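Colleague: Full structure from sequences and hints, please.
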Amino acid sequence: MTSQLTHAQLAGLTTSFFKAVDAKDIDGVVSHFAPDATLTVQTDHITFTGKDNIRRMFDDFFNNSPQMIHEIKSMVVDEANGKVATQQRYTGELLDGTKNDMYNCNFFDVGSDGKFTRVVVWMAGTNPLK
1 MTSQLTHAQL
11 AGLTTSFFKA
21 VDAKDIDGVV
31 SHFAPDATLT
41 VQTDHITFTG
51 KDNIRRMFDD
61 FFNNSPQMIH
71 EIKSMVVDEA
81 NGKVATQQRY
91 TGELLDGTKN
101 DMYNCNFFDV
111 GSDGKFTRVV
121 VWMAGTNPLK
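Under the UniProt record's numbering, the first residue of the sequence shown carries the number 1, and numbering increases by one thereafter.
In case anyone wonders, no lab produced these hints; they're calculated from the structure.
Values in this document were obtained by computation on a predicted structure and should not be read as measured data.
Do not take every clue at face value.
DSS-like mimics (lysine-lysine), calculated; alpha carbons at most 25 Å apart, straight line [claimed, not checked]:
no., residue 1, residue 2
1, Lys99, Lys73
2, Lys73, Lys24
3, Lys99, Lys51
4, Lys19, Lys83
Modeller: Okay, structure coming up:
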């Protein structure tokens with residue numbers, strides 16, 4: 001697969017995705033995904049397939065999270081193959097008072113149209129995306 005997207009475009013997609021997540025902008029988050037995309041939380045062996053299921057997962061996460069911050073610590077962009085890997089610090093609090101402070105890694109496969117076709121998440125700690 002050869003990506004038609006530049007390094008800056010690929011990096012910008014992941015940055016705008018995390019900004020939308022932190023703003024709890026469900027439409028903004030879902031707009032990053034292709035219709036048949038998958039999002040897998042590998043450390044919990046859970047996969048959400050298609051924009052509707054991904055939307056539902058993020059909607060539940062947002063409704064259970066009064067606040068959250070994702071701070072990208074490192075990013076590797078594979079321009080030739082349309083892939084991006086990020087390490088981010090996630091801090092947040094859930095409605096039940098659980099406080100999260102963890103480092104996670106996301107792996108993004110990006111189609112030539114600039115939409116995520118596959119996202120894999122590795123989490124350190126308890127998964128708040130259930």
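Colleague: Taking the hints in turn, state whether each one holds.
Modeller: Hints and how they fare:
no. : hint          : verdict
1   : Lys99 x Lys73 : holds, 20 Å
2   : Lys73 x Lys24 : holds, 20 Å
3   : Lys99 x Lys51 : violated, 28 Å
4   : Lys19 x Lys83 : holds, 19 Å
When the structure is compared with the earlier hints, a violation turns up for hint 3 alone.
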